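Spelled out from the first residue to the last, the chains are:
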Amino acid sequence: MTDVTSSAPPQGASAVSSNPAQRFLKATELDTRMLGMVGALAVIWIGFHIISGGLFLTPRNLWNLSVQSASVAIMSTGMVLVIVTRNIDLSVGSLLGFVGMIMGVTQTEILPQWLGFGHPAIWVVALIVGIALGALIGALQGYIIAYMGVPSFIVTLGGLLVWRGAAWWVTSGRTVAPLDATFRLMGGGPDGAIGSFWSWVAGFIACIALVLMLSYGRKQRRKFHFPLRPLWAEGFLAAFGCAAILGAVAVANSYPWPAAIVRRYAEANNIAIPEGGLFIAHGIAIPVLIAVGVGIVMTFLANRTRFGRYVFAIGGNPEAAVLAGINTRWVLMKVFILMGMLAAISGAISAARLNAATNAMGTLDELLVIAAAVIGGTSLGGGIGTIAGAMIGAVLMQSLASGMILLGVDTPLQNIVVGIVLVIAVWLDTLYRKRVK
Amino acid sequence: MDSRTPLVEMKNISIAFGGIHAVDNVSVDLFPGEVVALVGHNGAGKSTLIKILSGAYKRDAGTILINGEEAQINNPRDAKKYGIETIYQTLALADNVDAAANLFLGRELRTSWGTLDDVAMESETRKVMGRLNPRFQRFKEPVSSLSGGQRQSVAIARAIYFDARILIMDEPTAALGPQETAQVGDLVRQLKSDGIGIFLISHDIHDVFGLADRVVVMKNGQVVGTARTSDVTEDDILGMIILGKCPPGAVPGPGALQVAA
Numbered sequence: 001m002t003d004v005t006s007s008a009p010p011q012g013a014s015a016v017s018s019n020p021a022q023r024f025l026k027a028t029e030l031d032t033r034m035l036g037m038v039g040a041l042a043v044i045w046i047g048f049h050i051i052s053g054g055l056f057l058t059p060r061n062l063w064n065l066s067v068q069s070a071s072v073a074i075m076s077t078g079m080v081l082v083i084v085t086r087n088i089d090l091s092v093g094s095l096l097g098f099v100g101m102i103m104g105v106t107q108t109e110i111l112p113q114w115l116g117f118g119h120p121a122i123w124v125v126a127l128i129v130g131i132a133l134g135a136l137i138g139a140l141q142g143y144i145i146a147y148m149g150v151p152s153f154i155v156t157l158g159g160l161l162v163w164r165g166a167a168w169w170v171t172s173g174r175t176v177a178p179l180d181a182t183f184r185l186m187g188g189g190p191d192g193a194i195g196s197f198w199s200w201v202a203g204f205i206a207c208i209a210l211v212l213m214l215s216y217g218r219k220q221r222r223k224f225h226f227p228l229r230p231l232w233a234e235g236f237l238a239a240f241g242c243a244a245i246l247g248a249v250a251v252a253n254s255y256p257w258p259a260a261i262v263r264r265y266a267e268a269n270n271i272a273i274p275e276g277g278l279f280i281a282h283g284i285a286i287p288v289l290i291a292v293g294v295g296i297v298m299t300f301l302a303n304r305t306r307f308g309r310y311v312f313a314i315g316g317n318p319e320a321a322v323l324a325g326i327n328t329r330w331v332l333m334k335v336f337i338l339m340g341m342l343a344a345i346s347g348a349i350s351a352a353r354l355n356a357a358t359n360a361m362g363t364l365d366e367l368l369v370i371a372a373a374v375i376g377g378t379s380l381g382g383g384i385g386t387i388a389g390a391m392i393g394a395v396l397m398q399s400l401a402s403g404m405i406l407l408g409v410d411t412p413l414q415n416i417v418v419g420i421v422l423v424i425a426v427w428l429d430t431l432y433r434k435r436v437k
Numbered sequence: 001m002d003s004r005t006p007l008v009e010m011k012n013i014s015i016a017f018g019g020i021h022a023v024d025n026v027s028v029d030l031f032p033g034e035v036v037a038l039v040g041h042n043g044a045g046k047s048t049l050i051k052i053l054s055g056a057y058k059r060d061a062g063t064i065l066i067n068g069e070e071a072q073i074n075n076p077r078d079a080k081k082y083g084i085e086t087i088y089q090t091l092a093l094a095d096n097v098d099a100a101a102n103l104f105l106g107r108e109l110r111t112s113w114g115t116l117d118d119v120a121m122e123s124e125t126r127k128v129m130g131r132l133n134p135r136f137q138r139f140k141e142p143v144s145s146l147s148g149g150q151r152q153s154v155a156i157a158r159a160i161y162f163d164a165r166i167l168i169m170d171e172p173t174a175a176l177g178p179q180e181t182a183q184v185g186d187l188v189r190q191l192k193s194d195g196i197g198i199f200l201i202s203h204d205i206h207d208v209f210g211l212a213d214r215v216v217v218m219k220n221g222q223v224v225g226t227a228r229t230s231d232v233t234e235d236d237i238l239g240m241i242i243l244g245k246c247p248p249g250a251v252p253g254p255g256a257l258q259v260a261a
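So the protein sequences, as listed, match chains A and B. One point on numbering: in our numbering, the residue at position 357 of the first sequence is 357, and numbering is uninterrupted. One point on numbering: in our numbering, the residue at position 54 of the second sequence is 54, and numbering is uninterrupted.
The following block holds chain A by itself, in its conformation from the complex (with noise of 0.2 Å):
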C-alpha cells in the first residue's frame, strides 16, 4: 500500500533544511521533552538561587535535596509502569508506611531475639522481610485488580486505608526506634554516604559505561546499516553525559561533615585535626545511589525486556495486546508486585532517615508519587511515560519544596504553590503535545 497521504520525506532530507537548533536536536536525537523538563529545573534552580541570596545552588542544600528526593523518586519509577498501563495506585504512601513498620519491628524486637542484639545480618534481613512483604501486598492487590476486575482506583483505595490502619496497628500506634545502625545507612547523613574517594570511582564507572553504551549502540546501528549520528554527535553525548555525572559527583564531594562529627571522627581514629579544620567530605549519599539504581533497572526493564514491552504494548491498545498472545494479567499483576518492592524499598529510606519506624510514615506520598510521574510526562491516559522523566519529576516537586522551605514560604502557601505548579505542568505537557502531533 502506498502511503499516499504520507508528508514524510525521506530521512536525512529535512535536516539540511532546518536551523541549527534542529540540526542539533535531530543529530543527537535528544528528547525535547526531556530537555524541557530539564530546563524548568534549571530555571527553577537558579531562581530560588537569586532570590534566596545565594542559598539553593550550594552543595549542602542540593546534597539533601538529593537525600529528600530519594524516596519518591523510587516510588515514581513504579508508579510510571502503573499509570501506563491505565491503572492508579493510590495505596503506595500506606504501604510505605505499613512496610517501614514491619521492617522496623523485625529489626528492634524480632530478630535480635534471634540472632542478638546488632547481629551483622539484622538490615539485610529486614530488608529482604520488608521488599518481600512488598511484593506479597502487590501481589495480592495485582491480582484482585487483574484478575477479579476491580478498578485499580477501587482497590488501592481500599489499600490506603488498609494498610495505614495495619501500620498503626502492628504496635498499637508506638514508634518504632532506633533502628540497625546498618540499616539506618540507607537513610543518608554523614555515615549513610559513600565518601570522596568511592563517589569518584562510582563517577567514572558511570562514565565508561556511558562511552560503553553510546559505542555499542553505534556498533549495532553500523550492523544493520541504519543511519548513523554524525561522529560529532556522539561526542558531544559523551562529554556532556560525563561532565553532568562528574559535575554531580564534585558537588556531592564537596560538602563536607560538619565539625562536630569531623571531630568525634578524629578522636575514634586518632587523627590529629590540622588547623583550620579537617575536611572530610559526604560524597554521593546511599539512599540517593540506591534510587540511581533502581532507575537504571526500571530503565532496562521498561525499554529492554519484553515485560517493558509488554506493560506499554498494553497502555498504548489493552485488546491488541491480548489478540498478539500476551498474558495481559499477569503482566498487570507484576507491574503491581514491583510497584510494592519499590514502596518497601522507599519505607527502607524512610524509616532509615527517621532513625524510627512510625504509623504516619509516607502519609500523602501517593500525591507526590503519581505528581512527580505525571510532571515528568506520564500521560493518565496511559501508553506514554519515561522512568527518567518521572525522576526528574521528583526531583522538580522536592525543589519546589525545599526551596519554598528555604525563602520561609508558609506551609499552606507551599501546597497552594505546589498544587498550581502541577496543574501548569500537565497543561503545558498536553500543549507541546498537540504540537507535536
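Hints were generated in silico from the structure; no laboratory data involved. Treat the hints with care, since some could be wrong.
[Stated by the list, open to error] Facing chain A, a subset of chain B residues (Cβ under 10 Å, in silico):
| id | residue |
| --- | --- |
| 1 | G55 |
| 2 | T90 |
| 3 | A92 |
| 4 | W113 |
| 5 | S123 |
| 6 | V143 |
| 7 | R158 |
Only a predicted model underlies this, so the values are computations on that prediction, with no experimental measurement involved. For every residue, glycine included, the Cβ atom is placed at its ideal position computed from N, Cα and C.
Given chain A's structure and the hints, the job is docking chain B onto it.
Relative to chain A, chain B alone:
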C-alpha cells in the same frame, strides 16, 4: 466436492453472548491456496466466527480441525502456533509504539542476553515493509502518527511475516482508497499462489467477489449457504445476504430460508 484434506475445518461452531446466539451451529472449511469469502450483514456473526478461529473468543460448542487433526485453540497464542494469522478489522495495533514493536508484538526477537533486540527487529521490519510499501520510512514513529494505509500495511506485515498458513482478513480494505484496495487484491492473489488459505471477511460482496473461490453467506449467526463464485452471480449472493434465499448453484446451510415448495 474436494478429496483433499481441508486446511481448516470448523464444524458445528456455536457461541452465545448472554443468550444471543452470535454464531449458531456454523460449519466452514478452507483448502490450501483457496480464498473463502465470509459475507453477510453487520452483525451476521462473521467476525465472531473468525475470532473463534484466531483464539480471541472461546467457542461454546463445536470442533476445529487443522489439516484433519483436532486443534486446541483457547487463546491467540495457540492459534498462532497453528500458523493462523489475523488482520483484524480494528487492525489491533498498539498506537503508542513503532512499527517494529507492533510487528513483533508477543513474538519479540531477543539478543543472547534475553533483552529485546530492537535493531534486529527494525531491520526485519524494514525488509518486510520494503516489500509491502516501499515508500514507507517512518520506522521510529509511533503508529498513531501513520496514515490509514500505512497502519494497514503494518497490520498486514505482521500477519505475513511469520509464515502464516492460514490468513484471516477481517474487512482488510475498509480503511483504504481504491489504489490501496487494488494492492491488497494483488497481495491476496500472491499469497494464494503460495498455497496459503485465506478467509476474507466483508460486508460488501463487490469487494471480494473477484478474489474469492467460494463464498459463505451468513445471516443471524447461521450459514445461509456456500457457493463457488463460478456457479453464482453477485445478485444471487446479494439475495442470500438480504433474504437468506439460497440460489440453485449454492449448497444451502442451516440458515437458508425454507421456501415452501
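Hint by hint, here is what the structure shows:
1. G55: Result: holds, 8 Å to nearest chain A Cβ.
2. T90: Since chain A brings a Cβ to about 7 Å from T90 (chain B), closer than 10 Å, the hint holds.
3. A92: For A92 (chain B), the interface hint holds, since the closest Cβ of chain A sits about 4 Å away, which is under 10 Å.
4. W113: holds (9 Å)
5. S123: holds (4 Å)
6. V143: Holds, because the Cβ-Cβ distance from V143 (chain B) to chain A comes to roughly 9 Å (cut-off 10 Å).
7. R158: holds (9 Å)
When the structure is compared with the earlier hints, no violation turns up for any of them.
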